[in-house]
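Engineer: Listed here are the chains, written in short residue letters.
Number of protein chains: 2
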Amino acid sequence: MKFCSQCGAAVALAIPAGDDRHRHVCPSCDTIHYQNPNIIAGCLPLHEDRVLLCKRAIEPRYGYWTLPAGFMENGESTEEGALRESWEEARARMKLDGLYTLFSLPEINQVYMIFKGELTDLDFGPGPESLEVALFTEDEIPWDELAFPVMRKTLEYYFADRKSGNFPVRSEAIYRKRPAGQGQ
Amino acid sequence: MKFCSQCGAAVALAIPAGDDRHRHVCPSCDTIHYQNPNIIAGCLPLHEDRVLLCKRAIEPRYGYWTLPAGFMENGESTEEGALRESWEEARARMKLDGLYTLFSLPEINQVYMIFKGELTDLDFGPGPESLEVALFTEDEIPWDELAFPVMRKTLEYYFADRKSGNFPVRSEAIYRKRPAGQGQ
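Top line first, the protein sequences correspond to chains A and B. Once you know that position 9 of the first sequence is 8 in numbering that gives the first Met the number 0, the rest is easy, because the numbers rise by one and skip nothing. Once you know that position 172 of the second sequence is 171 in numbering that gives the first Met the number 0, the rest is easy, because the numbers rise by one and skip nothing.
Among the clues, some could well be false.
Identical chains share a label here; the pair holds if one copy fits it or two copies do between them.
To be verified - Simulated crosslink set (DSBU-like; lysine-lysine; CA at most 35 Å straight-line):
(1) Lys152 x Lys54
(2) Lys1 x Lys94
(3) Lys162 x Lys1
(4) Lys152 x Lys162
(5) Lys54 x Lys176
Please keep in mind that the hints were generated in silico from the structure rather than gathered at the bench.
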């Protein structure tokens, strides 16, 4: 951010009164421009013993497989965002049964929220952002061609939890760059 | 948003290629300025049969009681944000045991995430944004002086769930303005 989106003046980095961190502030109109994490809402679409995945037709990770997910929009709920993304990417309709995984990615200021749900029909197919959409059993999942760590972890949790039939909400932070000395 | 934060030119509302909704776009440098919901992370701090609440020293809802919560910052996890806010507002330290309530407020583009946790000590007290911090049993809670519907709902869920000892994640969307004809 270089310019104030309210008045067009050049912004400066400063700690506002009562705050404890640097923000982009406008010396002309005094607007403080906060920057905060974004939510990525998605689904784990299920049918019998299989999971629906999409092969990405867009960067990043073109050609890799993912659960349908994308940036939550203003004016919608997290569940509506998850269902909208599933429709846009996979033409998939489902009945959600709750939040399943919650991942914070502090290095890139993203929070993933993946909801578990049952497909209500099998008329799915690739939307404009997907090359292919298909159902996979645990053995069939292309584990080496998954797009993002959050998708791998969600699938790993799911197949582990399925053994017990218990699906507690799984929440964790994921770091790409580990602090020095802490290994991989 | 009136000006491009990258180059300072006046922005326009337009539907970018491949998109389906209006965004603020810059006709000069082509930046698309997405606007997305913000996360408010907070805690339900518990000690024996009591819950910690803060009396707000800031607007909105000055003088009303709330659970400690605030905007999640870049560079932190949702749990870190919840714990930071509890420290800032109530000087409270706790051990979290998971997400408890998740509220979408589509009309104001906010998502509340409240984590349940046990206080690890009773050395709490008002931070700069609180007038007072105290523990309340269910009967003592100032139900008519709660700051926000999400706090009331979290407390209602908690005292109801406490009867069974089961605390599933509660997720729902809250609207202030009901669609016409649907009553209060």
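Engineer: Next step is simple, just say for each hint if it's right about the structure.
Structural biologist: To see whether the hints hold, each was checked on the structure:
Taking the closest pair of Cα atoms, Lys152 and Lys54 come within 35 Å of each other only inside a single copy of the chain (17 Å); across copies the shortest separation is 40 Å, beyond that limit. For a Cα distance limit of 35 Å, the shortest separation of Lys1 from Lys94 qualifies neither inside one copy, at 44 Å, nor across copies, at 40 Å. In this assembly of identical chains, Lys162 and Lys1 lie within 35 Å of each other by CA distance neither inside one copy nor across copies; the values are 52 Å within and 53 Å between. In this assembly of identical chains, Lys152 and Lys162 lie within 35 Å of each other by CA distance both inside one copy and across copies; the values are 16 Å within and 33 Å between.
With identical chains, the CA atoms of Lys54 and Lys176 are at most 35 Å apart within one copy only, with a shortest distance of 26 Å there and 40 Å across copies.
This entry does not satisfy hints 2 and 3, going by the numbered hints stated previously.
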